Each structure stands twice: as structure tokens, then as C-alpha cells.
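Chemist: In case you want the letters, here they are:
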Amino acid sequence: MAETYDLPQLKRISSQIRRDIVRMVHACQSGHPGGSLGCTEYFVALYFKVLRHNNHFNFDAKGEDLFFLSNGHISPVWYSTLARSGYFDAKELATFRKMNSRLQGHPATHEHLPGIRVASGSLGQGLSVAIGAALTKKLNGDDKLVYVLMGDGEQQEGQVWEASMYAAHNKVDNLVATIDYNGQQIDGPVKDILDLKDLKAKWQAFGWEVITANGNNLEEMIATLEKAKSMTGKGKPILILMTTAMGYGVDYMMGSHKWHGVAPNDEELKKALAQLEETLGDY
Amino acid sequence: MTKFTFTEKKDTRSGFGIGLHELGKANPNVVALCADLTGSLKMDAFKKEFPNRFFQIGIAEANMIGIAAGMTIGGKIPFTGTFANFSTGRVYDQIRQSVAYSGKNVKICASHAGLTLGEDGATHQILEDIGMMKMLPGMTVIVPADHAQTRVATLALGEHIGPVYLRFGRPNWPIFTAGRPFQIGKADKMIEGKDVTIIACGHMVWQAVEAEAALAEKGISVELINMHTIKPLDVEAILNSVGKTGCVVTCEEHQINGGLGDSVAQVLSRFNPAPQEYVAVNDSFGESGVPTELLKKYGLSPSNIVTAAEKVIARKKK
Chain A
3 MAETYDLPQL
13 KRISSQIRRD
23 IVRMVHACQS
33 GHPGGSLGCT
43 EYFVALYFKV
53 LRHNNHFNFD
63 AKGEDLFFLS
73 NGHISPVWYS
83 TLARSGYFDA
93 KELATFRKMN
103 SRLQGHPATH
113 EHLPGIRVAS
123 GSLGQGLSVA
133 IGAALTKKLN
143 GDDKLVYVLM
153 GDGEQQEGQV
163 WEASMYAAHN
173 KVDNLVATID
183 YNGQQIDGPV
193 KDILDLKDLK
203 AKWQAFGWEV
213 ITANGNNLEE
223 MIATLEKAKS
233 MTGKGKPILI
243 LMTTAMGYGV
253 DYMMGSHKWH
263 GVAPNDEELK
273 KALAQLEETL
283 GDY
Chain B
54 MTKFTFTEKK
64 DTRSGFGIGL
74 HELGKANPNV
84 VALCADLTGS
94 LKMDAFKKEF
104 PNRFFQIGIA
114 EANMIGIAAG
124 MTIGGKIPFT
134 GTFANFSTGR
144 VYDQIRQSVA
154 YSGKNVKICA
164 SHAGLTLGED
174 GATHQILEDI
184 GMMKMLPGMT
194 VIVPADHAQT
204 RVATLALGEH
214 IGPVYLRFGR
224 PNWPIFTAGR
234 PFQIGKADKM
244 IEGKDVTIIA
254 CGHMVWQAVE
264 AEAALAEKGI
274 SVELINMHTI
284 KPLDVEAILN
294 SVGKTGCVVT
304 CEEHQINGGL
314 GDSVAQVLSR
324 FNPAPQEYVA
334 VNDSFGESGV
344 PTELLKKYGL
354 SPSNIVTAAE
364 KVIARKKK
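Residue numbers (this note's numbering), protein chains in the order written: chain A, 3 to 285; chain B, 54 to 371.
Derived by calculation from the structure, the hints in this document are not laboratory data. Treat the hints with caution; some may be incorrect.
Quick partial rundown of chain A residues pointing at chain B, CB under 7 Å, derived from the structure [claimed, not checked]:
{"#": "1", "residue": "Arg-119"}
{"#": "2", "residue": "Val-120"}
{"#": "3", "residue": "Ile-133"}
{"#": "4", "residue": "Glu-164"}
Each computed DSS-like pair below joins lysine-lysine, with the alpha-carbon atoms no more than 27 Å apart [to be verified]:
{"#": "5", "chain 1": "B", "residue 1": "Lys-78", "chain 2": "A", "residue 2": "Lys-64"}
{"#": "6", "chain 1": "B", "residue 1": "Lys-78", "chain 2": "A", "residue 2": "Lys-140"}
{"#": "7", "chain 1": "A", "residue 1": "Lys-140", "chain 2": "B", "residue 2": "Lys-101"}
Everything numeric in this text was worked out from a predicted model, so none of it was measured. Note that beta-carbon positions come from the ideal geometry of N, C-alpha and C, so glycine has one too.
For reference, chain A alone in the conformation it holds in the complex (with noise of 0.2 Å):
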């Protein structure tokens, strides 16, 4: 995908993936809306600014940038996202969570949707997948990336360690992870339930570079991106610390784990879609 889009382009696709999010969640009554709302100007810097892909989806990827989500429950952001930047039709979004759809509840390669390389839901396991993508770009003599999405209440799973200890000791510079800093988790407060306490010292303490960013406003996510592709290439793997409201652009959504897995009813869609701009068009 070309970078052809300006600042207030991207800010228009994000309002129409907004929309897209809670109109899915809203359309089958469960998903997960607060971490896609959160991560929704990640999505928008990746796909539409940042990424070297095809969306003639090619599964192997050869030449292209790679993307893993890890925390897989988000699934609505990359669906709308994936939607919006040609890998299969809008209108697709509607089945959801549906039978017989291939918008599976967490993302799946089983029903082939165009931009899913692998399953993910079960926490903890996209790093190690991507690591893996990683050495392959380079026993390929591929010098493209490989990004990965995880969340922060991910980081308890002890599988991130063995894969973020990996990662560093034998030198996978071509590997950008994204952790959402959101604080928020099912449960509450990631601080209350089992914190992290100093996660960039945890990071920086296992051999990664660390960068943060403020995920919630676009240019600085853009700029945050480009400065890790720029940082490749040096022997250390790349870790952005992108701190994210939950629930970003809705209102009575933001900073709560209330919304983390719960499903707007009619009159709180209608409220949340009047602070959303309708841009693209709905599916």
C-alpha cells in the first residue's frame, strides 16, 4: 500500500473504523470494543502509512511486511481495518461472530479471511509466532519486518518472557512488538489484578529497545512507527510501549474495563455512532 494518505485522511478512515467496531460488537451482542477502540490509530498508521504489504493477500508474505495480533480478542480493529484497506469486502464485517462466517469471535486461518496468518485468542503466543516469521524473513534473505500487537494484561502470560528472552539473545532486528499500555484488563485495573510495575525497565533488563508513544494521537503514532523501522537492523529487537485509553472515541466507553468485553445495547450504539463521523461509508 502506497503512502498516499495525508493526516486528515487517516483521521477520517479512523472515525469509519470506530464506527465499524461498535457497529459489529453492537450487531452480534459480544466482542470486544475497548482494546479496538484503543488501538484503533495503530491500526491506521500500520496498514494505511507504515506497512510494505500486498492486499492481494499473499500467505507467505515474500518481499512484504508481516502483522501478528497476538491479543486476538480485538479482532473487530483488524477486521475493519483489513475491510478498509482492500482485503475483502466491507460488507463482511456484518457477519461477525455470525455462522458460517469467516470473521471469526478471535482471528483464525481455518475459514481463509485475507490477512490472518495465524490463530490467535489463547494469550501470550503471537510474539513467539512472529519471532518465528522473523527468522524466516532472514534465512530467506528477506529484509522486510515483522510487527506484533500484544496487550498488557497479555504480559502475565509467562510465554511472552520465553519469547522476549529469545528475541533478544539471538539478535531478531527485524521484529517490531507493539504492547498496548492501557492498564485495563477483564478483571480491572491491570495495577490491581497482577501489575507489571516497571514494564519498560522489564523490557529494556531482557535486551530491547524500548520507545514509547502516546497511542492515541495519530501523527505520533506514525512518527513512533517510523522511528522503530529505523531502528532495525542493529542487533537489538524493537518493543513500543504505546499507551492507549480503552475505549478511545466513545465517550462513556474510555478508560474503563467495563467495555473491555461487553456489547453496546441500541440506545448506547446511537450515542456512541453521534461522536463518530461516518466517512467511508457504513458496510
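Starting from the known structure of chain A, arrange chain B on it as the hints suggest.
Modeler: Structure of chain B alone, referenced to chain A:
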């Protein structure tokens, strides 16, 4: 009548090591991953000749399975190596989501399975792995009988597309399948007979060979099948044989629940109900000891197969 003998004993894991090394030479896309057990898995030759395609993961099996899944994207064929317990139970969810459900071409190669691991004891003697792996949709499960068959099975994995669980072991064991054809999903009918069918996998195939000789002396004609592939199961071979003999004994170094015997029973109950006896571990954990003595204590000796055969034949005549 074919009689099986052996002149040499070797460990099945060494058959894997040789096969992996040969595959490495034949196919540049083959990569190997190991979780700190390179020597035990006999992966040294591959590691030495193809250091760029060998990945030392450390004691982090979950990460190993995830990395292997990711490496398939871009065309690599990853072979993971660790003990059977750490290859399955420890990483079941990683295999389920990142490998099986995602349809990844990962070969999970597992040594030190079952009681014949011996002295390390029950923490390492996994007896549930065949069941766990065969339950995963799309997973192929192979349990070769000896060193020679483990080598050819490993070579066959290089051509096979899709996730596979390859189970082998530690002890030196008779080599008796050299030169026999091997095809994934195709049972090897080693001996033809008419009174009872014995279906075995892994180390238990040799136990069944010895049992067959003892039964033959008693005038009992055994049809012996090496069911090296538990999934996909060779249903036709089972039905043809049991259709003729009218009864079956299944033999496996695994729990009685969920293994080869249950797979055979499912086929028979659906298509041709017949008496069946299980030679398997009877819902218990193992313990430390010498492999052959453990097999005796837990009822997996040739004499146990003989007893089971006589019992199942008696049931048939009722």
C-alpha cells in the same frame, strides 16, 4: 511364514537423528528447533552440518512451538525436538491454536515417550500423548516401531504437508523393520494369521513379535499388524483383518484411555463389533526402573499379550 528376528538393537531416537540429518541435506527448507535436549534427541549431526538452520530455543517449549508455527510462514519446514512430555502436555494449547487450528506445517518430534524412558520416572514418562495429539483436528500421529522405521518415518515427514506428531523413545530396541515399506496412514501387515489380530505400535510391536512366536507354539495363528500411524488410522486394514480373525488385541506403551486401542475400538464398534483386549497401562502413572522390568510390572510384556490373545479368542468362541 515370515519370522522376524534381529541382529542389532538401537534407540529409535537415533533413527530420528539420522533421518533429520538426511532430510537436512535433501531439503534446504528443513529447519530444526530444540529446547536444550540436542544430545538426547540426537540432533547433533543436523546442528553440526546446518548451524544456520538449527535453532537452540532454551528450556522454553511454548516459545519453541510458537516460533516453529511462525517459521512456516515463508516456507520453512520446522522439526521441533524435545521429550514427549514437554512436546505435548506442556504445550498443548500452543499446539492447538498456533499449529493445529492454524494448519501449520510443523513436525513435533518427541523422544523419551512412555515407560521405556526408564529411570527418570513418571514425571517424564508421558503415557497420555497419543490421546492428546490424535484428538486435535488435522493432526497426524505416528509411532514407529524401531530405529529403521523411525528413520524412514522422519524422511516421510519431509514430503508430508501438515502438522505431525512423531513419537519415539530412548532405549535400545531390536531392529526388525529394515527394508519394509513405510507409508503414512498405511498399516504394515507383518504376519498373516487367522485366529486373532494383534495390532501394536512403537516399542510394543517387538513385544508382539515375541508374543506371536509363543502363540504359534501353542498352535494359535496370529495376524500381526504394525499400526505405526495412529491418525489417520488405516480403517481398511483393521476391518479386513478382524473380519477374518474375529477378535483383536491392541498393544501400546500408553494409557488404556485414549490411545491406539481406543482408536481401533471406535472403528470396530461402528463397523464390525468384535471382542477386543487392551495391552496398555491401566490408568496409572509409571515409576523409575529398568525399561524391560517396568514393561513387565505394568503389564506390557510379551506374556501379557499372549494372555490377552487367549482371553480374546475365548470370548470370540462364546
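Chemist: All hints are to be evaluated individually against the structure, with a verdict given for each.
Modeler: A quick look at each hint next to the structure:
With its C-beta approaching chain B no nearer than about 5 Å, A/Arg-119 sits inside the 7 Å limit, and its interface hint holds. Taking 7 Å as the C-beta contact cut-off toward chain B, the hint placing A/Val-120 at the interface holds, the least distance being around 5 Å. Restraint check, A/Ile-133 versus chain B: the minimum CB separation of about 5 Å is within 7 Å; hint holds. For A/Glu-164, the interface hint holds, the least distance from its beta-carbon to any beta-carbon of chain B being 4 Å, beneath 7 Å.
In summary, the hint linking B/Lys-78 to A/Lys-64 is supported, as the alpha carbons are separated by about 24 Å, within the 27 Å threshold. Taking the CA atoms of B/Lys-78 and A/Lys-140, the gap is near 20 Å; set against the 27 Å cutoff, the hint holds. With a CA separation close to 20 Å, the supplied pair A/Lys-140 and B/Lys-101 stays within the 27 Å bound.
Violated hints: none; the structure is consistent with every hint.
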